[in-house]
Amino acid sequence: MNYYYYPGCTLKTKAKALDASARAAAECLGVTLTEVPEWQCCGAVYPMAQDEVAARLSAVRALLAAREAGVPLVTLCSACHHVIKRVNADMAKNPDLRQKAANYLGLSTPYAGETKVLHYLEVLKNDVGFETIKQQVKHPLTGQKIGAYYGCLLLRPADVMQFDDPESPTMLEDLLRALGAAPVDYDQKNECCAGYLSLTDPAAASRRTRAILTSAREAGAEALVTACPLCQYNLSRHSGGSLPVYYVTELLEAALKGGNGHA
Amino acid sequence: MPETTRETVLRISGTNTRKCMLCGKCSGSCPAYDAMDYRPHQFVAMVERGEIAPLLQSKSLYACMSCFACVERCPRGVQPASLIEALRAMVLREREHTRLPAQLIPELIDAGTPQQAVVSAFRKLSK
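If you read the sequences in order, they're chains U and L.
Whatever position you read off the first sequence (first residue = 1), add 19 for my numbering.
Whatever position you read off the second sequence (first residue = 1), add 3 for my numbering.
Hints may contain errors.
What the hints assert, rightly or not - Computed list of lysine to any residue pairs in SDA-like fashion (alpha-carbon distance at most 20 angstroms, straight line):
no., chain 1, residue 1, chain 2, residue 2
1, L, 22, L, 76
2, U, 157, U, 196
3, U, 119, L, 17
4, U, 33, L, 121
5, L, 28, U, 187
6, U, 164, U, 221
7, U, 33, L, 28
8, U, 153, U, 277
9, L, 130, U, 71
10, L, 62, U, 226
11, L, 62, U, 222
12, L, 62, U, 221
13, U, 112, L, 13
14, U, 33, L, 52
15, U, 31, L, 121
16, L, 130, U, 220
17, U, 31, L, 114
18, U, 35, L, 112
19, L, 130, U, 59
Since the hints were made in silico from the structure, they are not lab data.
Looking at chain L on its own, in the form it has when it is part of the complex:
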C-alpha cells in the first residue's frame, strides 16, 4: 500500500493547502475539469482534511494535463497541480501500479509521434 498521510502529500508536493481561501479559480481554470471525478479545488480541500485514500483512487490523477493554469491563477500561491503530481507519484511508486507498460507503446504511437510525447508519458505514468 502506498503511504497515505496528509504529511506525505504535503512533503512531496511542497505546497501549503492551508493557504486556500476557497475561491475555486483552480477548478474554473482547469482544462481537464469535465474529465475529473475530484476537481482541483477538492484536492486542496481533501488533502487539508487528510482525506487521502479516495484521492489515491481518483481518475483525475491521470486526467491532469500539468498545464499549470491552476498554479498560475491561484491568488494564494497554492499549487493544486503539485498535489495531484504528489498523489500520482505515491501511487506509481508502488511498482505494480505503473500505468504505462513499455510493451504498450507500439500500439499507441504513429509515424509522427514526437519522442517528447513518449518520454513525457513515461515520466508521468510509470516508475
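For reference, chain U alone in the conformation it holds in the complex:
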C-alpha cells in the first residue's frame, strides 16, 4: 500500500507527536507513506472566495506531485485535509479556477482533480481495514472511556468531504473499538472548537471548548481523541488537564506497539 503523504506545517513543529505516531503505526500496518517532495503549507483555511487563486496553489502543487507519482495523496491534519480535498474538488469542477491555477503554475496540462485525496483514517478504514487492525492490537485499550472529537473540518461540507455522516459520524468510534477502547458518545463531537479564533478571540475559544469538554465529561469520557492540532491545542488549553486530549494516532500506536504511556 503506497501513498504520498502530506504532513503540513504543524506536524513538523508543534504536533510532531501526531506525525511520528502516524508514521510508526503505518509502518506496523504495512502502509508506506512517502512524504511529498518539497511540499508547502496549505494555508490552513480553505479560501471560500471564488476569486482567490493564489491561496489554492500550494494544495494544487501537492496534488500535482501525487498525480505525477500515480499514487493517492494522504493527509492527516484536519485543516490540511479540508483544504486539499476542497481545492481538489475545485480543480475538478470549476474550469475557471482550473485554468487560472494552470496559468499561474505554467502547466501545459491543467490539473483537473485527478488525484485521490485520502485522510489517514480513511486509509485505515478502507485500505487496511479496522478488522485487520483489531487483529494486530497487542496492547488493547480495554475499558478506556474515550470521546471521539471530530470537530468541523473533517466532516463539512459533506458533499465534498465525503468522510462520514456529518451529523452522526462513527469512524473514530469504530477505530477506538478496534483498539479495544469503549468509545463514549456525546452531543458536541461534531461542533466547532472555534479554531483560528483562538488567537484573536480567546474568549470565543474558551466558550466553545468548555461546551465540548462539559458535554464529553457528562457523557463519561475520560479522554478525548482528535486528528487536528488546533483542536488539540484549544481543547487541552481549556481542560485544565482534567480531560486529556490525544491524537488518535497516539492511541493507535500505543495499542499496536505498547509503550508511550498514553494507553
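Knowing the structure of chain U, use the given hints to seat chain L on it.
What follows is chain L alone, placed relative to chain U:
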C-alpha cells in the same frame, strides 16, 4: 472604499441568496450566534436585498468560525459562510483594514500555539 454591490458579494461568494426559504436553520446552527450583530440568516436576506454597507461594518465578519455548520445544514444549498467570507475579503482587500498586523503576533501566542493557528488567523484576518 471597498466595492459595495450585491453582485460583487454574489460573485466572490459563488452562492445564490435567492434560493433561501427563510427557515433560519443557519442561525439556529451557528456556534457564534451570540457574538454576532447580524446573524447568518440576516446576511442571506440583506445581501439579497442589496443592503451591503451595514454588513461590511458588522462584527460578525470576525466572529464567524468558518465551521460550515450553516452550509451543511441549509436545506437549499445557500452558503451563508461564503457570504460572510466574501464580505470579510472585500473589507480586508483594502490594505488599511488588515485586522491582524504581524507585529501583534508575539503577544497573542504562547509556547504551545500551533503554526496552524497563526497561519489560519493570517489567512482570515489580513491581506
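Status of the hints after comparison with the structure:
Proximity of residue 22 (chain L) to residue 76 (chain L) is assessed by CA-CA distance (about 14 angstroms); at most 20 angstroms being required, the pair is judged to hold. At most 20 angstroms may separate the alpha-carbon atoms for a hinted pair to count; residue 157 (chain U) and residue 196 (chain U) meet this at roughly 14 angstroms. Only pairs whose Cα atoms come within 20 angstroms are accepted, and residue 119 (chain U) paired with residue 17 (chain L) is accepted, the gap being roughly 16 angstroms. A distance of roughly 12 angstroms separates the Cα atoms of residue 33 (chain U) and residue 121 (chain L); the hinted pair therefore holds under the 20 angstroms criterion.
A hinted pair counts as satisfied when its Cα atoms are at most 20 angstroms apart, and residue 28 (chain L) with residue 187 (chain U) qualifies at roughly 18 angstroms. For the given pair, residue 164 (chain U) sits about 29 angstroms from residue 221 (chain U) by alpha-carbon distance, which is inconsistent with the 20 angstroms threshold. At roughly 37 angstroms between alpha-carbon atoms, residue 33 (chain U) and residue 28 (chain L) are farther apart than 20 angstroms, so this suggested pair is violated. The straight-line distance between the Cα atoms of residue 153 (chain U) and residue 277 (chain U) is roughly 14 angstroms, inside the 20 angstroms bound, and the hint therefore holds.
With a C-alpha separation of about 12 angstroms, the suggested pair residue 130 (chain L) and residue 71 (chain U) falls inside the 20 angstroms cut-off, and the hint holds. Of the supplied pair hints, the one linking residue 62 (chain L) and residue 226 (chain U) holds, its CA atoms being roughly 18 angstroms apart against a limit of 20 angstroms. With a C-alpha separation of about 15 angstroms, the suggested pairing of residue 62 (chain L) with residue 222 (chain U) holds against the 20 angstroms cut-off. Of the pairs offered as hints, the one joining residue 62 (chain L) and residue 221 (chain U) holds, with about 16 angstroms between alpha carbons and a cut-off of 20 angstroms not exceeded.
Using a Cα cut-off of 20 angstroms, the hinted pair residue 112 (chain U) and residue 13 (chain L) holds, with the two alpha carbons roughly 18 angstroms apart. Of the pairs offered as hints, the one joining residue 33 (chain U) and residue 52 (chain L) is violated, with about 46 angstroms between alpha carbons and a cut-off of 20 angstroms exceeded. For a cut-off of 20 angstroms, the pair hint linking residue 31 (chain U) to residue 121 (chain L) stands: about 15 angstroms separates their Cα positions. For the hint pairing residue 130 (chain L) with residue 220 (chain U), the CA-to-CA distance comes to about 19 angstroms; that is within 20 angstroms, so the pair holds.
Taking the CA atoms of residue 31 (chain U) and residue 114 (chain L), the gap is about 15 angstroms. The hint holds against a cut of 20 angstroms. Restraint check for residue 35 (chain U) and residue 112 (chain L): the C-alpha separation of about 18 angstroms stays at or below 20 angstroms, so the hint holds. Our distance criterion of 20 angstroms between C-alpha atoms is met by residue 130 (chain L) and residue 59 (chain U), whose separation comes to about 19 angstroms.
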